[in-house]
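Going down the list, the protein sequences come from chains H and P. Going by numbering that gives the first Met the number 0, the letters in the first sequence line up with residues 0 to 66, in that order. Going by numbering that gives the first Met the number 0, the letters in the second sequence line up with residues 0 to 256, in that order.
Rather than coming from a laboratory, the hints here were simulated on the basis of the structure. There could be a bad hint or two in this list.
To be verified - Below 27 Å or equal to it, Euclidean Cα-Cα: the simulated DSS-like pairs (lysine-lysine) are: (1) LYS43(H) / LYS53(P); (2) LYS53(P) / LYS24(H); (3) LYS53(P) / LYS30(H); (4) LYS2(P) / LYS241(P); (5) LYS13(P) / LYS43(H); (6) LYS43(H) / LYS66(P); (7) LYS80(P) / LYS43(H); (8) LYS2(P) / LYS30(H); (9) LYS241(P) / LYS54(H); (10) LYS125(P) / LYS31(H); (11) LYS118(P) / LYS129(P); (12) LYS31(H) / LYS13(P); (13) LYS11(P) / LYS31(H); (14) LYS31(H) / LYS129(P); (15) LYS65(P) / LYS31(H); (16) LYS31(H) / LYS55(P); (17) LYS55(P) / LYS23(H); (18) LYS54(H) / LYS80(P); (19) LYS241(P) / LYS30(H); (20) LYS125(P) / LYS43(H); (21) LYS8(H) / LYS30(H); (22) LYS54(P) / LYS47(H); (23) LYS118(P) / LYS30(H); (24) LYS43(H) / LYS2(P).
To be verified - To give an idea of the interface, some chain H residues facing chain P are shown, with a C-beta separation under 7 Å as derived from the structure: (25) LYS31; (26) ASN61; (27) PHE62; (28) GLY64.
Glycine residues also receive a C-beta, built at the ideal position from the N, C-alpha and C atoms.
Chain by chain, the residues:
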Amino acid sequence: MAKIQLNGKKISIRPNLSIYDLLKKYKLTNKKIAIEYNGTIIPKSRFKKRYLKDKDIIEIVNFIGGG
Amino acid sequence: MKKDIFKIAGIKLKSRLIVGTGKYKNFLETAKAVNASGADMVTVAVRRVNILDKKKPLLTDYLNPKKIILLPNTAGCFNSKEALRTLRLAREMGGWKLVKLEVLGDKKTLYPNMIETVKSTKTLVKEGFKVMVYCTDDPILARKLEDCGASAIMPLASPIGSGLGIQNKVNISIIIKQSKVPVIVDAGIGTASDATIAMELGCDGVLINSAIANSKNPQLMAKAFKDAVASGRNSYLAGRMKKNYFAKASSPTFGLI
């Protein structure tokens with residue numbers, strides 16, 4: 000198990016989980032979202048190649064209503 | 000008459016009304032108001048996805064980005080670093096290059112921090128963004144933003160969400176006269192007639208959120224703004240009559256009985 004921080008919350012994930020797998024878990028693969036991985040934006044093309052490790056900090060953002 | 004075309008950063012818009020999508024009860028109410036407004040561009044905010052509720056709908060489930068232009072906004076950002084982070088993420092989300100920059104300087108007035116705003120505009124333009132910039136109604140700073148490559152100047156009418164209408168018509172007029180990029184009054188418009196006044200001054204467009212979302216009937220208010228903006232634009236294009244100090248009779252004096 001690896002412990003990561005996702006959108007400000009600490010969660011445990013199985014080892015060798017990619018960003019794509021994580022998105023699948025939250026049913027977000029087909030949604031308009033963007034990912035910040037340890038402070039760096041990860042392009043969609045790299046979601047399957049980037050594996051998560053202990054203490055990673057992930058932000059998943061989307062558009063919400065705003066002025 | 001020449002066709003009245005409205006373009007921002009080369010993008011042609013049918014409506015001169017841009018609406019915000021904040022403060023609505025739910026996404027359905029948002030979508031209904033947006034449709035009634037006739038706007039083809041809406042502002043949106045970038046926030047964390049709610050990971051606790053997987054079934055929670057997303058705004059983009061209700062507003063189709065293929066049909067309506069989503070304009071990512073940096074509302075809530077109080078420095079250049081936060082604003083740049085937000086807009087870079089927004090660009091990643093779907094290739095959005097046209098963005099609205101808003102760097103706030105004070106929590107109580109939500110007045111823009113113009114020093115950070117100018118700094119951020121320069122960086123964003125360098126990175127290839129097309130930036131529409133929320134700013135104070137200071138003509139010198141507005142020109143500075145244009146010189147930095149802003150795609151639109153968005154001076155406030157009055158503080159965000161205040162509904163006070165245009166407080167400094169003279170400054171807004173000066174900004175309109177000197178600007179070569181579109182001038183869009185953003186923030187502070189309270190009701191439909193305020194939008195008409197902005198358009199009659201010669202603004203290229205207006206951005207409305209609270210005045211629609213906080214009305215008792217947002218859908219109807221959205222329609223009111225649609226008409227108000229169109230009327231104000233027509234009135235501006237037609238050109239108002241000259242003001243006179245004394246009366247001038249409307250009926251001819253010739254043939255009086």
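Going through the hints against the structure:
1. A distance of roughly 20 Å separates the Cα atoms of LYS43(H) and LYS53(P); the hinted pair therefore holds under the 27 Å criterion.
2. Between the alpha carbons of LYS53(P) and LYS24(H) the distance comes to roughly 9 Å, so the proposed pair stays at or under 27 Å and holds.
3. For the given pair, LYS53(P) sits about 12 Å from LYS30(H) by alpha-carbon distance, which is consistent with the 27 Å threshold.
4. For the given pair, LYS2(P) sits about 25 Å from LYS241(P) by alpha-carbon distance, which is consistent with the 27 Å threshold.
5. A distance of roughly 32 Å separates the Cα atoms of LYS13(P) and LYS43(H); the hinted pair therefore is violated under the 27 Å criterion.
6. Of the pairs offered as hints, the one joining LYS43(H) and LYS66(P) holds, with about 23 Å between alpha carbons and a cut-off of 27 Å not exceeded.
7. Among the hinted pairs, LYS80(P) with LYS43(H) is consistent with the structure: their alpha-carbon atoms are about 23 Å apart, no more than 27 Å.
8. A threshold of 27 Å between alpha carbons decides the hint, and for LYS2(P) with LYS30(H) the separation of about 38 Å lies outside it, so the pair is violated.
9. For the hint linking LYS241(P) to LYS54(H), the alpha-carbon distance of about 70 Å lies beyond 27 Å, and the restraint is violated.
10. Straight-line distance between C-alpha atoms of LYS125(P) and LYS31(H) comes to about 25 Å, which keeps the hinted pair within the 27 Å bound.
11. For the hint pairing LYS118(P) with LYS129(P), the CA-to-CA distance comes to about 15 Å; that is within 27 Å, so the pair holds.
12. Between LYS31(H) and LYS13(P) the alpha-carbon distance is near 25 Å, which keeps this suggested pair within the 27 Å criterion.
13. This hinted pair checks out: LYS11(P) and LYS31(H) have alpha carbons roughly 24 Å apart, not beyond 27 Å.
14. Of the supplied pair hints, the one linking LYS31(H) and LYS129(P) holds, its CA atoms being roughly 20 Å apart against a limit of 27 Å.
15. With a C-alpha separation of about 12 Å, the suggested pair LYS65(P) and LYS31(H) falls inside the 27 Å cut-off, and the hint holds.
16. Distance check on the hinted pair: LYS31(H) and LYS55(P) sit about 14 Å apart at the alpha-carbon level, within 27 Å; holds.
17. Annotation: proposed proximity of LYS55(P) to LYS23(H) holds, straight-line Cα distance about 15 Å (limit 27 Å).
18. Our distance criterion of 27 Å between C-alpha atoms is met by LYS54(H) and LYS80(P), whose separation comes to about 24 Å.
19. At most 27 Å may separate the alpha-carbon atoms for a hinted pair to count; LYS241(P) and LYS30(H) exceed this at roughly 55 Å.
20. A C-alpha spacing of about 23 Å is found between LYS125(P) and LYS43(H), which places the hinted pair at or below 27 Å, so the restraint holds.
21. Proximity of LYS8(H) to LYS30(H) is assessed by CA-CA distance (about 21 Å); at most 27 Å being required, the pair is judged to hold.
22. Taking the CA atoms of LYS54(P) and LYS47(H), the gap is near 23 Å; set against the 27 Å cutoff, the hint holds.
23. Note on LYS118(P) and LYS30(H): the hinted pairing is violated, with a Cα-Cα distance of about 32 Å set against a maximum of 27 Å.
24. Under the criterion of a C-alpha separation no larger than 27 Å, the hint pairing LYS43(H) with LYS2(P) is inconsistent with the structure, at around 41 Å.
25. Here the hint on LYS31(H) is kept, as its CB sits about 5 Å from the closest CB of chain P, short of 7 Å.
26. With a least beta-carbon distance of about 5 Å to chain P, the hint placing ASN61(H) at the interface is held under the 7 Å criterion.
27. Checking PHE62(H) against chain P: minimum C-beta separation of about 4 Å stays under 7 Å; hint holds.
28. For GLY64(H), the shortest C-beta to C-beta distance to chain P is roughly 4 Å, which falls under 7 Å, so the interface hint holds.
This entry does not satisfy hints 5, 8, 9, 19, 23 and 24, going by the numbered hints stated previously.
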